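Peer 1: Here are the chains, one letter per residue:
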Amino acid sequence: MEKTLNQKAWFLVLPVFLLVAFSAVIPLMTVVNYSLQDTFGNNKFFWAGLEWYTELLHSERLWSAFGRQVIFSAIILAIEVPLGVFVALNMPKKGVWASLCLVLMALPLLIPWNVVGTIWQIFGRVDIGLLGHTLAALGIDYNYTRDPLAAWITIITMDVWHWTSLVALLSYAGLQSIPQAYYQAAEIDQASRWSVFWFIELPKMQGVLMIAILIRFMDSFMIYTEPFVVTGGGPGNATTFLSIDLVKMALGQFDLGPAAAFSLMYFLVVMLVSWMFYTVMTNLDKKAGY
Amino acid sequence: MGWMAWTLPTAIFFAVIGALLLIMTVLAIRYPETPRMGILRMETTRGDRLFITLLGSAFICLAWLGLVGENLWWALGVCFVYALAVFRWV
Numbered sequence: 001m002e003k004t005l006n007q008k009a010w011f012l013v014l015p016v017f018l019l020v021a022f023s024a025v026i027p028l029m030t031v032v033n034y035s036l037q038d039t040f041g042n043n044k045f046f047w048a049g050l051e052w053y054t055e056l057l058h059s060e061r062l063w064s065a066f067g068r069q070v071i072f073s074a075i076i077l078a079i080e081v082p083l084g085v086f087v088a089l090n091m092p093k094k095g096v097w098a099s100l101c102l103v104l105m106a107l108p109l110l111i112p113w114n115v116v117g118t119i120w121q122i123f124g125r126v127d128i129g130l131l132g133h134t135l136a137a138l139g140i141d142y143n144y145t146r147d148p149l150a151a152w153i154t155i156i157t158m159d160v161w162h163w164t165s166l167v168a169l170l171s172y173a174g175l176q177s178i179p180q181a182y183y184q185a186a187e188i189d190q191a192s193r194w195s196v197f198w199f200i201e202l203p204k205m206q207g208v209l210m211i212a213i214l215i216r217f218m219d220s221f222m223i224y225t226e227p228f229v230v231t232g233g234g235p236g237n238a239t240t241f242l243s244i245d246l247v248k249m250a251l252g253q254f255d256l257g258p259a260a261a262f263s264l265m266y267f268l269v270v271m272l273v274s275w276m277f278y279t280v281m282t283n284l285d286k287k288a289g290y
Numbered sequence: 291m292g293w294m295a296w297t298l299p300t301a302i303f304f305a306v307i308g309a310l311l312l313i314m315t316v317l318a319i320r321y322p323e324t325p326r327m328g329i330l331r332m333e334t335t336r337g338d339r340l341f342i343t344l345l346g347s348a349f350i351c352l353a354w355l356g357l358v359g360e361n362l363w364w365a366l367g368v369c370f371v372y373a374l375a376v377f378r379w380v
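Keeping their order, the protein sequence lines are chains A and B.
For the record, in the first sequence the residue sitting at position 176 is 176 according to my numbering, with numbers rising by one throughout.
For the record, in the second sequence the residue sitting at position 10 is 300 according to my numbering, with numbers rising by one throughout.
Isolated chain A (complex conformation) (with noise of 0.2 Å):
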């Protein structure tokens, strides 16, 4: 029998196709349209060839930014990643205990990130925070306003408290998906407990770690509010991150040219290394064979 070709159902994928572009490919397009031409508001562009491409190619204020950029993601990766796998391992397996330690990591997942943001601009104070004010009175030198280390501190310190729980629930999700017949043969083959890790749960968790890794690289190499609440990409330019720097290039300074060319160079290497852990997770899961 012949296989009936209809392809109407194309169609529903009509609404999402027309939101795509209004919310991202007209806006990146306008972007790059910007980033080839100088304004001076009023809606008149002026060509600019690869001016401003050549000119941030060459500004040692977009490679430090984006060398701190890298360095801020490589850190809080290398916390955040084996603190989560840690914290739910040790998490409880069921019970009531299970619940609410779930309900607790979701919390901080669920506070506003310019809230999240303002509790630890305060947190950190010395005059009134309750960290600044304690490590003063201990005779620790600490002010995140002034020292660029406190400042760094500060910050990943925020993000690990922020997103750890995310790595944690992912992981634990993974864990719990594990069959007891894992531990069972492991159990009669007297495995470790370090055997059990290495040989079972890692490998099971690969999959959901891959999307926490994703996911944390991310956001955490977009990260705007947070550090911008908090020290404002201060002292200095000790925090001013990749979106630090483009939002005072583009706002501050209006020069919508550079920020333009600054903003795609930016998306090519996001999309560049989503592209990579995309391209490992899918390969993953077909080893698998899911």
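Some hints could be false.
Stated by the list, open to error - Among chain B residues calculated to face chain A with C-beta under 10 Å, some are:
hint, residue
1, Thr297
2, Ala301
3, Gly337
4, Phe341
5, Ala348
6, Phe349
7, Gly359
To be verified - So the derived label-pair ranges between C-beta atoms look like this:
hint, chain 1, residue 1, chain 2, residue 2, range
8, A, Phe267, B, Leu310, 16 to 22 Å
9, A, Leu14, B, Met314, 16 to 22 Å
10, B, Gly367, A, Thr157, 46 to 52 Å
11, A, Val247, B, Met314, 33 to 39 Å
12, A, Asp219, B, Met314, 30 to 36 Å
13, B, Leu317, A, Leu12, 19 to 25 Å
14, A, Leu5, B, Glu323, 45 to 51 Å
15, A, Thr4, B, Glu360, 52 to 58 Å
16, B, Val306, A, Ile153, 44 to 50 Å
If you are wondering where the hints come from, they were derived from the structure by calculation, not from laboratory data.
Please read all numbers here as calculations on a predicted model, not as lab measurements.
For every residue, glycine included, the Cβ atom is placed at its ideal position computed from N, Cα and C.
Given the coordinates of chain A, assemble chain B onto it according to the supplied hints.
Peer 2: Below, chain B without anything else, positioned relative to chain A:
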């Protein structure tokens, strides 16, 4: 459309990308894509290879701008060679 600040070069750029997508769609309908394993040891379809080509070409042009100079015609040449390599071996 005035607010989008169109220029002829960017219009040509997007028209070329749009045409590429259109051609690939027609090709996909005429000759359905079959994934194959390339030198990156991962399965790719024609669409994947186009994506890898476009993304890589953007980086080639940026690297050319940063390291060599503003004459991007040569970079475009490199992009074509890269595209051929991707479609042949990846």
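Peer 1: Give a verdict on every hint.
Peer 2: Against the structure, the hints come out as follows:
1. Thr297: Holds - the Cβ of B/Thr297 comes within 10 Å of chain A, reaching about 6 Å at its closest.
2. Ala301: holds, 9 Å
3. Gly337: violated, 13 Å
4. Phe341: holds, 7 Å
5. Ala348: Status holds, d = 5 Å.
6. Phe349: Holds, about 7 Å.
7. Gly359: holds, 8 Å
8. A/Phe267 x B/Leu310: 16 to 22 Å: About 19 Å separates the Cβ atoms of A/Phe267 and B/Leu310, which means 16 to 22 Å holds.
9. A/Leu14 x B/Met314: 16 to 22 Å: holds, 20 Å
10. B/Gly367 x A/Thr157: 46 to 52 Å: holds, 50 Å
11. A/Val247 x B/Met314: 33 to 39 Å: Holds: the Cβ-Cβ distance is about 36 Å, inside 33 to 39 Å.
12. A/Asp219 x B/Met314: 30 to 36 Å: At 32 Å between Cβs, range holds.
13. B/Leu317 x A/Leu12: 19 to 25 Å: holds, 24 Å
14. A/Leu5 x B/Glu323: 45 to 51 Å: violated, 18 Å
15. A/Thr4 x B/Glu360: 52 to 58 Å: holds, 56 Å
16. B/Val306 x A/Ile153: 44 to 50 Å: holds, 49 Å
In summary, the structure is inconsistent with hints 3, 14 from the numbered list given earlier, while agreeing with the others.
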